[in-house]
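Assemble the complex: chain P is given as a structure, and chain C must be docked to it using the hints.
Number of protein chains: 2
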Amino acid sequence: MSLIVQKYGGTSVGDLDRIRHVAERVHRYRDQGHDVVVVVSAMSGETNRLDALGKELVKRPHAREMDVLLAAGEQVSIALLAIALVARGVPARSFLGYQVPIRTDAAYGRARIESIETEALREAIADGVVPVIAGFQGVTADGALTTLGRGGSDTSAVAVAAALEADECEICTDVDGVYTADPRLEPHARRLDTVTFEEMLELASLGSKVLHPRSVEFAGKYQVPLRVLSTFVNEGGTLITMENESVEQPLVSGIAHTRDEAKITMSGVPDVPGVASRILGPISAAAIEVDMIVQNTGADGLTDFTFTVKRGDYEKALELLAPVKASLNARRLEGDASIAKVSVVGVGMRSHAGVATRVFDALAAENINIQMISTSEIKISVVVAERYMELAVRTIHSEFKLGEST
Amino acid sequence: MSLIVQKYGGTSVGDLDRIRHVAERVHRYRDQGHDVVVVVSAMSGETNRLDALGKELVKRPHAREMDVLLAAGEQVSIALLAIALVARGVPARSFLGYQVPIRTDAAYGRARIESIETEALREAIADGVVPVIAGFQGVTADGALTTLGRGGSDTSAVAVAAALEADECEICTDVDGVYTADPRLEPHARRLDTVTFEEMLELASLGSKVLHPRSVEFAGKYQVPLRVLSTFVNEGGTLITMENESVEQPLVSGIAHTRDEAKITMSGVPDVPGVASRILGPISAAAIEVDMIVQNTGADGLTDFTFTVKRGDYEKALELLAPVKASLNARRLEGDASIAKVSVVGVGMRSHAGVATRVFDALAAENINIQMISTSEIKISVVVAERYMELAVRTIHSEFKLGEST
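For the record, the sequence lines run as chains P and C.
Each step along the first sequence adds one to the number in numbering that gives the first Met the number 0, with nothing skipped, and position 222 is 221.
Each step along the second sequence adds one to the number in numbering that gives the first Met the number 0, with nothing skipped, and position 69 is 68.
Don't read these hints as lab results, they were simulated from the structure.
All of these numbers come straight from a predicted model, not from anything done at the bench.
Careful: at least some of the hints might be erroneous.
Below, simulated SDA-like cross-link-like pairs (lysine to any residue); rule was C-alpha separation at most 20 Å, straight line [to be verified]:
(1) C/LYS54 to P/ARG17
(2) C/LYS54 to P/ARG19
(3) P/LYS58 to C/LEU15
(4) C/LYS220 to C/SER114
(5) P/LYS54 to C/LYS54
(6) P/LYS54 to C/ARG17
(7) C/LYS315 to C/LEU279
(8) C/LYS58 to P/LYS54
(9) C/LYS58 to P/ARG17
(10) C/LYS220 to C/GLU234
(11) P/LYS315 to P/ASP299
(12) P/LYS58 to C/ALA51
(13) C/LYS54 to P/SER326
(14) C/LYS58 to P/ARG19
(15) C/LYS58 to P/ARG102
(16) C/LYS315 to C/ASP259
Chain P extracted, bound-state conformation:
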């Protein structure tokens, strides 16, 4: 008998039939003798609907009140799931963020969990009641409602699991695990039985939408065993493990991709200290997120500076840099909004040289030009023209034989 925290995303509770299905699934776990704590997102589309309401009402809605507005979404879904459970004879009780309470700081719209009091939850569990907790929301020390930002329900679930020292935190979603690549791009993609927290963190932040990076980070920090699995299929799933649990690490675990990028190059700028911050200063002041940054070694006292931003920020970033170009007397300011990033992730590459070379060789063999490169200990990212993205994913997937069982 274990204590299992299960998180159900918006798609899993997207309509009444699905809510009934989730109730049945929770019921089955209970029948197997487990204690279950459930964390639920808003019904799919609901958070967007509420968000749009507030933003249609006024141009810059007050952040504190936006959180009150958005938090209503989870209130509906926890009530409905608790109703469905009770109707099946499973004692259940809904918990809003403030009722747990899940304490956060006061950064409305992107609050961070500071602590979770477990007394009320433990009492419910001891009474045989399934707590159905609103994800995504919390409460400040002053009693104000907060929300944790997109993907916040994953973080809520992991935080609850950590606070309760649960045996496992299941992220129940509409995919049945973490794959070696996006199966829509690469038909030979294979589901991983296990993946390390570090790898998952890279995959998550690289646009593999299975888990929110913050929740993976949180799970790693508090060593919460995390499993990604399907709400709708009764098998499979991927367990996210501590690195040392697997004896032999595969060189490469998975390939992530994202097409939502654009690159900007300012070339022929003086190769002197302070140039990077003069270029990126206005960008970060405008709260535009910069991803990859590459500066080539200069020649003739001049250098080229390239970075990537989200595609939606592309036009604005170009505008902001026009005056900088002039003041730096740079040769050219240019960009490309049709690029994609492909990333190869694996803890195994930490101890094996040559992974990068194999990636570059494989791409070269397919005549795919690499526009930018960035690496970390367990990740190699390359920027390619968007039209080569699928080919790049399949080429690397095949190079490392990821479709074959290990």
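Relative to the frame of chain P, chain C by itself:
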């Protein structure tokens, strides 16, 4: 400078334009130097939508969780109104029931307000902030959410006004006051400048939908000056007063009607003690509300027993009585679902005999048959065939010259 509590119903906050309009209206009161506290219902249709969701999910949804579900409606509207106010430069803050807090008993779905703590509200007011309070909801001593039942937001507003000792409680709605009769039936209906609490209570409980009876009762008990007025028109309104404020009472203040009724007659039952409870017992056991009850004096040891129920309960009531008819050996069980009730209300009739006679005579002159009669100190109700309802209202309206200014 006064402290005014304003309650806006679902129609008044039914879409974003209307919410902006309400914000403008609150702003105007502030500019006139008043302190304003706002109580808001859910956007029109939202409570019904949530209610239907819960009831479609399972046959008998858990009452506690239904309240969590329903309370989400007001959460959305207070957040939106607070956003609209802040965007206009009016400092505002939303208050959920538990944040005020508005304490209630634990009768989910029809909770009663036990107390309202005013500290947080007074602090906000002192800071120049407009509190925007969720109507219809409260919190138990255990921290569970509750709702007050239909019309609960009116009650919330009156209770808040009483707790804050406000100078006036404005019920802002889509009609501009209380009329001598429904203007859709009687074109000569006139808006009353004042009406007493007692009269309002009778009018409200008789289906004149302007105010919920509980809120009127509450306002009378705590002597909260209550005004019904339009959110959309900047004049008019009806002040609900203590009786002794008007020197001269009109004989009759208004005429209410309701067509949502049905009558059931069991005739030829033994005229012995206990018959009434044998007939009404199964009806009340099925939680069917009985309105008027009439039992004629018997002859030959037999009597006829007639009562009215809501039209929606008619078929079920008839079914329940079939076995009772048999066991009482009654002569007949019959009913009529096409009746209407017309009620004449006025504190003046308390001290003036003859009002009833004038009502009956006027109806007789129009050949309208009166099927049932019931009276209270300040009210005479008659049941007539539904097709005569409009004529009955107009006839009595004209008999008491209600269309003419006093």
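Hint check results:
At roughly 15 Å between alpha-carbon atoms, C/LYS54 and P/ARG17 fall within 20 Å of each other, so this suggested pair holds. With a C-alpha separation of about 13 Å, the suggested pairing of C/LYS54 with P/ARG19 holds against the 20 Å cut-off. Between P/LYS58 and C/LEU15 the alpha-carbon distance is near 13 Å, which keeps this suggested pair within the 20 Å criterion. At roughly 14 Å between alpha-carbon atoms, C/LYS220 and C/SER114 fall within 20 Å of each other, so this suggested pair holds.
Distance check on the hinted pair: P/LYS54 and C/LYS54 sit about 31 Å apart at the alpha-carbon level, beyond 20 Å; violated. With a C-alpha separation of about 15 Å, the suggested pairing of P/LYS54 with C/ARG17 holds against the 20 Å cut-off. In summary, the hint linking C/LYS315 to C/LEU279 is supported, as the alpha carbons are separated by about 13 Å, within the 20 Å threshold. For the proposed pair C/LYS58 and P/LYS54, the alpha carbon gap of about 37 Å is over 20 Å, so the pair is violated.
With a C-alpha separation of about 17 Å, the suggested pairing of C/LYS58 with P/ARG17 holds against the 20 Å cut-off. A C-alpha spacing of about 27 Å is found between C/LYS220 and C/GLU234, which places the hinted pair above 20 Å, so the restraint is violated. With a CA separation close to 31 Å, the supplied pair P/LYS315 and P/ASP299 exceeds the 20 Å bound. As the CA atoms of P/LYS58 and C/ALA51 are separated by approximately 33 Å, the hinted pair breaks the 20 Å bound.
Straight-line distance between C-alpha atoms of C/LYS54 and P/SER326 comes to about 66 Å, which puts the hinted pair past the 20 Å bound. Distance check on the hinted pair: C/LYS58 and P/ARG19 sit about 13 Å apart at the alpha-carbon level, within 20 Å; holds. About 36 Å separates the Cα atoms of C/LYS58 and P/ARG102, which puts this hinted pair outside 20 Å; it is violated. For the proposed pair C/LYS315 and C/ASP259, the alpha carbon gap of about 15 Å is at most 20 Å, so the pair holds.
In the structure shown, a violation is registered for the earlier hints numbered 5, 8, 10, 11, 12, 13 and 15, in ascending order.
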